[in-house]
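Colleague: Here are the chains, one letter per residue:
There are 2 protein chains.
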Amino acid sequence: MEKAALTRELALRLPRYFRVLRQYVIQGRQKVSSGELSGQLGITASQVRRDLGCLGLSGQNGYGYSVKELHDALGEELGVFGGRTAVIIGAGHLGHALAAHRMFVGRGFTLIGVFDRDPAAVGRKIADLSVLPMDRLAEFCRTHHPHIALLAVDAKNAQEAAQAVCACGIKGLLNFTETELDVPKQIPVESVHVGDMLYVLSQRISDE
Amino acid sequence: MEKAALTRELALRLPRYFRVLRQYVIQGRQKVSSGELSGQLGITASQVRRDLGCLGLSGQNGYGYSVKELHDALGEELGVFGGRTAVIIGAGHLGHALAAHRMFVGRGFTLIGVFDRDPAAVGRKIADLSVLPMDRLAEFCRTHHPHIALLAVDAKNAQEAAQAVCACGIKGLLNFTETELDVPKQIPVESVHVGDMLYVLSQRISDE
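Chains as they are written, first to last, in the numbering used here: chain A, 1 to 208; chain B, 1 to 208.
For the record, the hints were derived by calculation from the structure and aren't laboratory data.
All values reported here derive from a predicted model rather than from experimental measurement.
Check each hint, because a few of them may be wrong.
Put simply, identical chains are the same to the list, so a pair is met inside one copy or across any two.
In silico lysine-lysine, BS3-like type, Cα no more than 30 Å apart, as pairs [claimed, not checked]:
| id | residue 1 | residue 2 |
| --- | --- | --- |
| 1 | K125 | K68 |
| 2 | K185 | K125 |
| 3 | K125 | K31 |
| 4 | K125 | K156 |
| 5 | K31 | K185 |
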């Protein structure tokens, strides 16, 4: 089956599929039904079949899907096996917390540099990397070609930092600053809105 | 129109609607069409109309929706106006970063306590709050009744910390540990998967 273009909603769901499937692989499971994935993801089984169909994946009647096949296809789609590299801009509390995140441990992304504009932060060790000054960024990128930059600076420094990484040939930006960034159109930006999940939780608690 | 029960997918979309509408309110806009919201959210206009219909909101032909009406209804649904309170468990880098997050500044949630099991962390100032030891949590909750706990501890301490807050009458848990928590069914848990957005970004960058 041919792959269709993915909608934004599906692109947002794929990491959730992958987390579930990763768990199944760890548990040594062989197969899974659309109904079970439906329960895990909180969407209908027919939506699951449509989603996987968009990736060219189809199940078998009475068997379901091969866990390994789904896991590998999703991992491929998400760039888990691509050996991609990342830098963190901002060596404050958030930068520290992100450097220790397990997405950089066996999840297909390698953290190769941490940068900060504050001279007091330069030279500190974060996740075995020495924090480098921002004026070393361009040279670093010419040598190491990081794919992704994680922006973990203060909101007021966000736009300047974003422009700096974009000028260095970064291919995508993960923005934790909650500032709307103005960057060249060809460089994709995803923003992590921590507050969103607080609101999702808030809908589920009672006020009694 | 009567309110229908919200699906999980819609519950996840509501904070995104709210962010867009909040921006419109700040800009002083009066009205918005389903087509425009559709573009902002990356879903179809008919999905926007269905979503808002689930909240009992309908637009007018040729006018669209009132920005203020949508904003207020969504804010109500998300508990933005409810004066809810939160504590953070874990005073490490992540706890520090969360305490400074703007979700606690004018977004309807007030941070009232930070706790840590490490005696070395106790007494430190985070966001004007003195870090308290975990053995003060029960007494604190009896007095202040926080609604939500943000779990920002190491993965290996996650389950123990979750049990502690659940035993103290917390109404909901925001889990940053990426550990699957085993807590009483009546206490909702939402997990923030920072790595998911890295994968969403990864889908959008080219490998050449």
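Colleague: Each hint needs a verdict: does it hold in this structure or not?
Modeller: Right, here's what the structure says about each hint:
1. Proximity of K125 to K68 under the C-alpha cut-off of 30 Å is found in neither arrangement, the shortest distances being 38 Å within a copy and 48 Å between copies.
2. Taking the shortest alpha-carbon separations for K185 and K125, neither the intra-copy value of 34 Å nor the inter-copy value of 41 Å comes in at or below 30 Å.
3. Proximity of K125 to K31 under the C-alpha cut-off of 30 Å is found in neither arrangement, the shortest distances being 44 Å within a copy and 50 Å between copies.
4. In this assembly of identical chains, the alpha carbons of K125 and K156 lie at most 30 Å apart whether taken from the same copy (25 Å) or from different copies (23 Å).
5. For the homomeric pair K31 and K185, the shortest alpha-carbon distance between copies (28 Å) is at most 30 Å, but the shortest distance inside one copy (41 Å) is not.
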